[in-house]
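Participant: The lines below spell out each chain.
There are 2 protein chains.
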Amino acid sequence: MTDKAFQDYYSKGVAVCYGCGYDNEQGLQIKSHWDGETSVCRFTPRPYHTAIKGFVYGGLLASLIDCHGTGTAAAAAYRAEGREMSSEPELRYVTGSLKVDFLRPTPMGVELELRGRTVEIKGRKVVVAIEVIAAGEVTVRGEVVAVQMPRSMGNI
Amino acid sequence: MTDKAFQDYYSKGVAVCYGCGYDNEQGLQIKSHWDGETSVCRFTPRPYHTAIKGFVYGGLLASLIDCHGTGTAAAAAYRAEGREMSSEPELRYVTGSLKVDFLRPTPMGVELELRGRTVEIKGRKVVVAIEVIAAGEVTVRGEVVAVQMPRSMGNI
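As given, the protein sequences belong to chains A and B, one line each in that order.
At the far end of the first sequence sits residue 156, using my numbering, and the numbering has no gaps.
At the far end of the second sequence sits residue 156, using my numbering, and the numbering has no gaps.
Since the hints were derived computationally from the structure, they do not count as laboratory data.
In this text the structure is predicted, and so the values were computed from the model without any measurement.
All the given hints hold, so there is nothing to weed out.
If several chains are the same, the list does not tell them apart, and a pair holds so long as it fits within one copy or across any two.
Calculated pairs, DSSO-like style, for lysine-lysine (alpha carbon to alpha carbon, straight line, at most 30 Å):
1. K122 <-> K53
2. K122 <-> K4
3. K31 <-> K99
4. K53 <-> K125
5. K4 <-> K125
6. K53 <-> K12
7. K53 <-> K31
8. K122 <-> K99
9. K53 <-> K4
10. K122 <-> K12
11. K99 <-> K53
12. K31 <-> K122
13. K125 <-> K99
14. K31 <-> K4
15. K12 <-> K31
16. K12 <-> K125
Model the full structure from these sequences, guided by the hints.
Facilitator: Next up, the structure:
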């Protein structure tokens, strides 16, 4: 893994995202990195991110999957083009569709690991499959269909 | 519509949800009501709930759909049994699966309306279809497969 996360390459126009923007003080500011062919994001839910006592809120888990998904989509698109994320033109992705299956309750009080895998890259679309792992167990499975953002939309 | 929201009937054990619990100070505290056969929730995103400048964060939209979905599932289950939400035994739902299609960007700065429709009630499962409407336009479609919570899980 390198120190610089996928999200650290985002330009100012797309860095205000509540989930992953470094320029959103109140946001979650998630960070994703490659670990070989897998993208990894680690996040410890805050004490108030509860669903019911002792378990993590599903909407937070969906948010983590969403942003780790679009981040992985961008990183995978650069890889497919054989270039660094610092190179131009900038490739950024938005979520077209999000699917989350909650397999079992996700416990509070542990660091979560999200592991992403690129399922498909086709034209402007990248499909990413993501697992959420808590205390060594997969608790949630997600799929993000990410679509390349028109450059005008994000001012990139 | 009555003044008391679906979520106002939740007992303490399930009222800490970040999305809809009245007992979570940092949470979104969404409220859902019946409007005939449709369930309605209105929510104005906070200024930091951005995806990119001017548009609402998808993870927030997924969270609203999630909690409005489980709330609608509970309310629909009481209706199907012909009883009030204040009556015993308490019926509460968790999300088994969540699907969100982002049809177009959702603008910031307007109150969002979520409209829910019960698609299926079968055994312990309730399926709810939800539309998010911003400035008169449907921007997001969601589906929540809600599953009745074991009473032991939520201390209800």
